[in-house]
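Residue numbers (our numbering), protein chains in the order written: chain A, 1136 to 1235; chain B, 2 to 245.
Rather than coming from a laboratory, the hints here were simulated on the basis of the structure.
In this text the structure is predicted, and so the values were computed from the model without any measurement.
Among the hints, a few may not be true.
Stated by the list, open to error - In silico BS3-like pairs for lysine-lysine, Cα to Cα no more than 30 Å straight-line:
#1 Lys18(B) - Lys1171(A)
#2 Lys1215(A) - Lys4(B)
#3 Lys18(B) - Lys8(B)
#4 Lys1171(A) - Lys236(B)
#5 Lys97(B) - Lys1171(A)
#6 Lys97(B) - Lys204(B)
#7 Lys184(B) - Lys1171(A)
#8 Lys101(B) - Lys1215(A)
#9 Lys1163(A) - Lys204(B)
#10 Lys4(B) - Lys18(B)
#11 Lys1166(A) - Lys126(B)
#12 Lys1163(A) - Lys8(B)
#13 Lys1166(A) - Lys185(B)
#14 Lys1166(A) - Lys204(B)
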Amino acid sequence: MPYALIAALLMALVTYLPRVLPIAVFRKEIKSTYIKSFLRYVPYAVLGALTFPDIFSSTNNYGTAICGTVVALILAYMEKSLFIVALGAILTVYVTGLFL
Amino acid sequence: MNKSQTKINDFVYGFKKGTPILLGYIPVAFTFGLMAVGGGLHPLMAVFISLTNLTSAGQFAGTNLIIQGAGYLEIALTTFVINIRYMLMSLSLSQKIDPKITLWQCLVFGFGITDETFSVASMEKGRLSYFYMLGLIAGPIFGWSFGTALGAFTSSALPESLSNAMGIALFAMFIAIIVPPAKKSRPVLMIVLISVAINLALKYIPLFSFISSGFAIIISTVLGAGIGAAIWPIKEENPVLKEE
Chain A
1136 MPYALIAALL MALVTYLPRV LPIAVFRKEI KSTYIKSFLR YVPYAVLGAL
1186 TFPDIFSSTN NYGTAICGTV VALILAYMEK SLFIVALGAI LTVYVTGLFL
Chain B
2 MNKSQTKIND FVYGFKKGTP ILLGYIPVAF TFGLMAVGGG LHPLMAVFIS
52 LTNLTSAGQF AGTNLIIQGA GYLEIALTTF VINIRYMLMS LSLSQKIDPK
102 ITLWQCLVFG FGITDETFSV ASMEKGRLSY FYMLGLIAGP IFGWSFGTAL
152 GAFTSSALPE SLSNAMGIAL FAMFIAIIVP PAKKSRPVLM IVLISVAINL
202 ALKYIPLFSF ISSGFAIIIS TVLGAGIGAA IWPIKEENPV LKEE
């Protein structure tokens, strides 16, 4: 098998296992309020850390990235859909990239 | 209402909830297709990775390593570390799914747990049925692969200014997920800020430079959610199954 295919399958495996192991193995109800709260807060914590600061280096230009981030924050604050927020950020980066 | 009708309704309701994710994935997956083919992978390989991995950050990082010709262990380890967060999401969903869901059904819908499908599922009121989960993940799986194919097969025709601009798509999507709940819940806002502050500290304080970015994400997440759960425990649950 070629290198890229083996690597892609390995990646698929180490992506699939963390997704299914807990849900397949652990079916008891958690009683602890602390653990329950912790689990509820995980997605917000992880997405925050994934986004900042990497978003600022996502476009090869700090200026356009900052503009795109601000527009994404405003659109998200207005509770627009994923698609609108992503599209708004891309367009902002593209248009400001013509000037910056 | 008979049983098969409930299944269809659950699937359709889930699919509707997944449609904004489907649309949001297309520009992000498009970026992935551009990146993979730009780095020398075959367009079909890019689509294959999206179909089998169905993940954003881990797959971007792993594919970058493939492009650089890294060893299998490094590729697997880096991808795994970025994806450890799915264990927390999977554990969280294990508390929310319908107790009647079988092990095999878990192995099927578990494939489709992503940051976005998880966020939508965890914000549902009541228990999650198997057919709801299938409906929820169907659109995003299609959008992720389709977007990748679009990017992979058109990459040579796209000007660089546009492909640079698309680099922000992934992060804009994350912002779209976290801002609305952060607006309504002060604890959520604080937890996002704590997590980001820790991530910044790990990244820019030289003392911590030995920590890779994947591990920095994990440490920030565990500390952010851990501190948050200690200060703002959630007392109320929504055990009532909501019929739509």
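Status of the hints after comparison with the structure:
{"no.": "1", "hint": "Lys18(B) - Lys1171(A)", "result": "holds, 24 Å"}
{"no.": "2", "hint": "Lys1215(A) - Lys4(B)", "result": "violated, 35 Å"}
{"no.": "3", "hint": "Lys18(B) - Lys8(B)", "result": "holds, 15 Å"}
{"no.": "4", "hint": "Lys1171(A) - Lys236(B)", "result": "holds, 9 Å"}
{"no.": "5", "hint": "Lys97(B) - Lys1171(A)", "result": "holds, 11 Å"}
{"no.": "6", "hint": "Lys97(B) - Lys204(B)", "result": "violated, 34 Å"}
{"no.": "7", "hint": "Lys184(B) - Lys1171(A)", "result": "holds, 21 Å"}
{"no.": "8", "hint": "Lys101(B) - Lys1215(A)", "result": "violated, 35 Å"}
{"no.": "9", "hint": "Lys1163(A) - Lys204(B)", "result": "violated, 37 Å"}
{"no.": "10", "hint": "Lys4(B) - Lys18(B)", "result": "holds, 21 Å"}
{"no.": "11", "hint": "Lys1166(A) - Lys126(B)", "result": "holds, 19 Å"}
{"no.": "12", "hint": "Lys1163(A) - Lys8(B)", "result": "holds, 25 Å"}
{"no.": "13", "hint": "Lys1166(A) - Lys185(B)", "result": "holds, 26 Å"}
{"no.": "14", "hint": "Lys1166(A) - Lys204(B)", "result": "violated, 35 Å"}
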